[in-house]
Amino acid sequence: MPMKIGTEEFNSRVEKGINDGFMREAVRSAQGRLYERRLNAAEELGNWEEWRNHGEEIRRHTLENLDYYLEQLSDNVAERGGHVFFAETAEEANTYIQNVVKKKNGRKVIKSKSMVTEEISMNQALERIGCEVIESDLGEYILQIDDHDPPSHIVVPALHKNKSQIRDVFREKLGYLNTEKPEELTLFAREKLRKEFLSADIGITGCNFAVAESGSISLVTNEGNARLATTLPKTQITVMGMERIVPTWEDLDVMVSLLSRSAVGQKLTTYVTGLTGTRDDGDGDGPEDFHLVIVDNGRSKILGTEFQEALHCIRCAACINVCPVYRHVGGHGYGSIYPGPIGAVLSPLLGGYENYKELPFASTLCAACTEACPVKIPLHELLNKHRRRIVEEEGMSPAMERMAMKGFQYGAGSPVLYKIGTKLAPLLTTPFVTEGMITNGPGPIRPWTETRNLPEPNKERFRDWFRKREREAKTDG
Amino acid sequence: MRVSLFITCLGDIFYSKVGKDTVEVLERLGCEVDFPESQTCCGQPAFNSGYQENAKQVAKIMILAFEHSEYVVAPSGSCISMFHEYPSLFKDDPEWKGKASDLVDKSYEFTQFLVEVLKVENVGAFFNGRATYHRSCHMTRLLGVKDAPIALLENVKGLEIRELPNCQNCCGFGGTFSVKMGPISEQMVDEKVKNIEETEADVLIGADSGCLMNIGGRINRQGKPIQVLHIAEVLNSGNWE
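Protein sequence lines, in the order shown, are assigned to chains A and B. Quick note on numbering: the first sequence equals residues 882 to 1358 in the numbering used here. Quick note on numbering: the second sequence equals residues 11 to 251 in the numbering used here.
Any given hint could turn out to be false.
In silico lysine-lysine, DSS-like type, Cα no more than 30 angstroms apart, as pairs [claimed, not checked]:
| hint | chain 1 | residue 1 | chain 2 | residue 2 |
| --- | --- | --- | --- | --- |
| 1 | B | Lys109 | B | Lys30 |
| 2 | B | Lys234 | A | Lys1257 |
| 3 | A | Lys1300 | B | Lys204 |
| 4 | A | Lys1355 | A | Lys1300 |
| 5 | A | Lys1340 | A | Lys1287 |
| 6 | A | Lys1340 | B | Lys70 |
For the record, the hints were derived by calculation from the structure and aren't laboratory data.
Work the whole structure out from these sequences, hints included.
Here you go:
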């Protein structure tokens, strides 16, 4: 699955989302549930704002000193018997992973959830060399079974599907015969997956945070699948975005506290796993061979720019879970495996404006995302920075709009012109007014009146009333 | 206390009654209200669409318009929060940046001014009705004004406030978003109207004319019997003679 999903244009993706009643109901109910749970978890912890400040500080410090911590991480992984590979591009990462798999004669890979492997299309790269890749996260498994339906959410990838749709997928693809009860569906998947775990040669995981001081990786899950994927196969490959790093275990504690509460409203997820190096003599399990693939794929180009804070993201999806636009168009509307506010910031940075120029404008800048972000990324500001770049630097805005904004600058940038314009407004709109309302406006007003009425401009502007009143007061006085 | 009213472009053109009510409430509370004639618009339509250079010219006009004001008060949290963007707009121009910061320091949204500066939570208003309140995003999140309007409304005699479901969600206005992203905006405002109806309120109160123009425009289009009022109109209701 590459970062870009599908070939449809933005407008038709949005239309499709809006018309998908099942998906919208699923998103509405998930947003409602997660919103309450997140707020309750934050309140229970107490001093949430201080935790956020602390989280922000850790992320800022780490990103400002990323080269130092990456080197420390790399040295410590090597010291514990692991191999580290820095991949500048998706291709480099995939080639390295393919080579490891080939060397081990790997036929079957069992995976735990990882967005960065989606971003670099790792599964396809492995399938090209004849390797079978099995997703073991339940949501990802459902999507994989369903002819590689793209994820619509970074934490809950199959959020757009309800349980009866999942039952149908299992029925059609795997011969499932039971009901749509989540317990029965899960048990079925669990039995299928257990066989895969036992027969896989290689385990591939993502990484929530790598800990630089010890060369460890941490995995935050609720299903325990990442533990199986890292204990059963003899070879483990972990793929991480280059920014997913914390300096110390103490920092990890803060980040996991913020992550699990922000993502799913839990104090702690069922499993938080820390893994360091390869299997030691006397260890009961763990990989004999460990590879850490650190992926750049456009991230270092963001460092030092006005968008650096986007790299602070810890992929909790709190911004997605509060976004009123995501609520109505769903994840696929964004056309990227990274949807919602963080997706609208990140996708153009990693995938280019030519693919994602609409996304920064698909927001009311309501700042619900900024308010929810546990590491205080000013998401709505970053969206507006994209807008400025698209308009002023890339010159990608429509000519009519540029003219209108020039007009706005002259009109609102000159008190005289402004006064003339506002004085003329009622006269110009009179032909379109019925019973005090414009219901079918001309030109630039039309998109507004397609769904809403517009009040007619006041014949007496506020300023006229104020001056008249002042004059009267003077005469009276 | 001398207060300069920033009416906002929507207030000047479409909602002059909101301006009148704002003036009357402020005067009743002892303020002397003036209206700097050279004010225009805060520049947000350009700024939030990516046209920062165009917005800059407008920002300069506004900075000059209120240069000599003691306090600047507007019946809109969104437009005041736009003032807060001015210093960063002039980040490479120390002279204008300084002037922009001065403007930010003395500017208040209407209910924020009543509660924080005048220290008034009860204006003595009387309004008989069942209402719900839409909390505007920019006012609550960017300006941080959450409690002031609620405190003021709670003290209005005869007014019953019903809690609005999903009150944290944006109404779908977003300035140029409402026309650039029409279909998404429509879904957002429709859900907002539905939530308002669920409260069985007869009146929707808000503190930002942009949001009210959006929600009110949709309510009006659908012919729903819900009255839409700016908080200044409610706070100026009663027997004042």
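Consistency of the hints with the structure:
{"no.": "1", "hint": "B/Lys109 x B/Lys30", "result": "holds (29 angstroms)"}
{"no.": "2", "hint": "B/Lys234 x A/Lys1257", "result": "violated (40 angstroms)"}
{"no.": "3", "hint": "A/Lys1300 x B/Lys204", "result": "violated (38 angstroms)"}
{"no.": "4", "hint": "A/Lys1355 x A/Lys1300", "result": "holds (23 angstroms)"}
{"no.": "5", "hint": "A/Lys1340 x A/Lys1287", "result": "holds (26 angstroms)"}
{"no.": "6", "hint": "A/Lys1340 x B/Lys70", "result": "holds (28 angstroms)"}
The structure shown violates the earlier hints numbered 2, 3.
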